[in-house]
Each structure stands twice: as structure tokens, then as C-alpha cells.
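Here is what each chain is made of, one letter per residue.
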Amino acid sequence: MIEMQDVYKTYPNGVMALNGINVRIKQGEFVYVVGPSGAGKSTFIKMMYREEKPTSGSIMINGVNLAKLKDSKVPLLRRHIGVVFQDFKLLPKLTVYENVAFALEVIEESPKNIKKRVMEVLDLVGLKNKARFYPDELSGGEQQRVSIARSIVNSPKIVIADEPTGNLDPDTSWGIMDLFEEINNRGTTVVMATHNREIVNSIKKRVIAIENGKIVRDEAKGEYGYDS
Amino acid sequence: MTVNTLKRHLRESIKSLGRNGWMTFASISAVTVTLLLVGVFLIVMLNMNNFAKKIESDVEIRVHIDVTATPKDKEALKAQIEAIPEVKEITYSSKEEELKNLIKSFGEEGSSFKLFEQDNPLSDVYVVKTAKPTDTIKVAKKIETFKFAHKVKYGQGQVEKLFKTLKVARNIGLGLILGLLFTAMFLISNTIKITIFARRKEIEIMRLVGATNGFIRWPFFLEGLWLGLLGAVIPITLLLFSYYNLYTFLEPKLTNPFLQLLPFSPFAWQVAAILVALGACIGVWGSMVSVRRFLKV
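Going down the list, the protein sequences come from chains A and B. Oh and the first sequence: position 16 is 26 in our numbering, straight run, nothing missing. Oh and the second sequence: position 54 is 145 in our numbering, straight run, nothing missing.
Hints in this document: simulated from the structure, not taken from any laboratory.
Derived SDA-like pairs (lysine to any residue); straight-line CA-CA distance at most 20 Å:
(1) B:K165 / B:H241
(2) A:K125 / B:T93
(3) B:K344 / B:S333
(4) B:K98 / A:N123
(5) A:K83 / B:R384
(6) A:K63 / B:N304
(7) A:K103 / B:I307
(8) B:K169 / B:K244
(9) B:K292 / A:E108
(10) B:K106 / A:Y144
(11) B:K229 / B:V218
Computed from a predicted structure; not experimentally measured.
Full structure from sequences and hints, please.
What follows is the structure, given as C-alpha cells:
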């Protein structure tokens, strides 16, 4: 469960990104985070995997207060949260297999389990037969699948995605969304910041709209609500 | 840390040498050039130091004993001199021995001094050596104040000059070596910084998937170590080879007892060991300094 209480964030340069956020996301929910550029979506997302610390307020994730979490404990937190980005963040000099295995090597999983687990998730994202390819030999959609595979390979409770379809064409985006739904159906919480109006309006989920650092709308099965 | 993780770090660090081909080459070259310079300097400096030591250890204080001194007085003077903490060694040389030495040192012409055997004008002498050659002057001044120390000679003037020259030479050498090492460290840390900068994405992703700072640091630590060790290979081979040839070539020709090269073994091996250690330190230090910047949360 994710719970934010009175979260404020002011960056050192004086920009006030979050201005009193209160929200509660239950385990297994699927949540879209929408809003204009610069409204605080990214900061909101970054708070959840402790890339940014709140200036004040508390962020509880599965009983841990991220506002008080020591830097040295951040790696442990990240092992329970999968993160997916618009630009995939794959290592170009590693193969698909190695990119995914990376997340397990880091947590010192045994090589036998790594192999088993990596093949499982590659199968799930439909890239089992491309395990030996390098990222630049894949299409954008395939690269995003690899990055999703990496985010779920250590079975996290929460997957956070920051505009995962932002760099993809519409057809490919639908495929990626199917994948997130599949992950969500297995009980994983999915929090996704997006600008994709068609997706939000057709795959109906909870929508949280952020403007000027505040939540202005929070509806179950909501609409995108912006023109573009 | 498990054995598997250590194996992974070893594998990754070696793979990454290959992946960052040109940067690896640049870093190794930087280490190579530095260690070559440092090595040459070390060999020159240590040999010079060796000459200096030999010259210095030849410095001695000759205490001429007053002719009126009775054997008892002589004993007392000896005890007094021995009581000075810096004194290492004191030997007695009677005036007959002194004359013999004098005659011997003149060789053929020395025989004309034989006349003095009947009426020896020289005095009995205590030859005093100090533990540290540089204490000579201080000790000599002290002995001068003792009773029955008629004259104290240690090559006044020249010795001071000699010590001063040697000190300056040593300091210059040390300064040069330190400066060289310093430059090398900056050079290498910058090179490695570039390699790490090129890999900040890798570090970012490692942190994203939950790698601890220690885990991230290990491969870089090892990579720095390899760079340093690989960089030491050429300088060591070159220096061992050249010093061996230089030594076998020059050794028979150097007859002056002061001007002797340090023997190839163990000296050259010691220099090699120093270079290996320096290479490893420079490499590790350089990579650790650079990676630290990217690990701040």
C-alpha cells in the first residue's frame, strides 16, 4: 500500500513541485497519473521510489516511511519496486538476457534462479526468442518490453511507470498496456504517469490528476480530461 | 558477499576493460608513462642516495689526545666521549700506528718519514663515528670542550658543505618523485573519470534496480586495480631489463669505492615491487575518487 500525507516538495532552486499531496493507493490497484507538463507528475512518481525526498510530509510504502528512510536503505526499497521509463534505460552493451538478469545479479540471486526467473519473464513479455539480441537490434516496443521484464523480474509489489508509452507509436502502445494489465492482474500495484488520452479513456482505471502540485481530481474509472 | 557475486565482479571488471577499449588503453598508457618516469627516478635517486651514504659514512672525527694525558686521563676522555648518545663507535689509535698509516699513505716517498720513528711528533688519536653522519659536527663541537682533547678534526668546512649538498640533492629528488606521482594521480583519476562518466547510465540503472553502493563500487575498484597493474607491466619489464644490462656493463668498470651501483638483486626487484604497489594504488585511488561522485544519493 502507498499512502502520502501532506507531501510538499520544494526544489533547491525554489520551484514548488508538490503542494500538499494526500493520497492512498491500495495493493493491487491500477492508477493513472495525469496532468499538464510541469504540474508535478514526475516529482510525484519520483517520490515513490525515493529518487526525490519530500520537503515535508510522509510517504508510507508497505509500512516504511520514505521521508525518513536512510540513504543506505534505499537499495532495499528499490528491490520491492519496479520502475519503467519512457526512455527504457537499457544498457546498450548488454544483451536482452543480461539486461534483465542484471536486476537479479544486483540482489545476489543464485545463477540457477537467475536463469529460470529471467526466462520466465522474457516469456511473459514475449521476447524469449530474442534473449541474445542487443537493445539496438530491437524495436522501441520490444525495448520497452525488456525494460518491463527487468522491472518485474524480482517480483515487486509495486510497478511505477513514467510515461512508458511516450516514445512508442499507438499500435505498440496497446501491446505495452496489455502487458501492464497482465502484471496488474497478478496482484501487482501499477502506478503510471501518462499523456496518452486514448489509453486512459479506453482502459478505464482510477485516474489521479495533478495540477500545480495538487491533486485536483481522483476518480475510479475516470477520464483523461484534457484536450491533448 | 557470496562467491558468486565476487566472481561476477571479477568477470564484470575484466569484461569492462574490453568494452571500454580506448579508455582502458588511455588509462593504462597514463599509468605506464608515469611509472616509467617514477621508476627511472627511483633508480637514479636510490643510487645517488647510496653514493651519498657511502661518502657520509666515511666522515669521522679525529680527537687528538693531549700529550700530557696519562693513561688514566685517556680512559676518562674515552668514557666521556662514549657517554655522548649520538656516538656509535670509538677506536683508539696510538701515535705509532698513526705514523705507520701516514707512511703507508705516502707510498714510496713515505720512507722519508721513517726518521720520525725516533721522535714521533704525532699524538694519540681517538677515531669517533656517530650513528647518524649529520651529527658529526655537533658531536665534534662537544668533544672540543673536553679536557685532554687537544685538537678535534673532522674536515671542518668541507663536511658542512658536503652535508648541505647532499641534503639539497635528496630534497630535489624527493620533490620530483612526489610531484610526478601527484601529476600521475590526477591524470589517471581524470581518465577514469571519463570512463565512469561514460558509464553513469550504468550506475544509474544499477541504483534503480536496488544495487547497494558497495556492490556498485566493487567492479570499479577491481577495474582500477587491473588498470594500475597492467600499467606497471611495461615499465617494470623495461627497467629490470635496462638495469640488468647497465649493471653488468658498468659494474666491472667502477673501481672507485664510493661510486658503486646498487646490486641488481635485490635492488631492482624492490623497485619493481614499489612500482607494482604504486600502480595498484594509483589505479584504485583514481577509480574510487571518480566513482564516488556518482554514488551520492
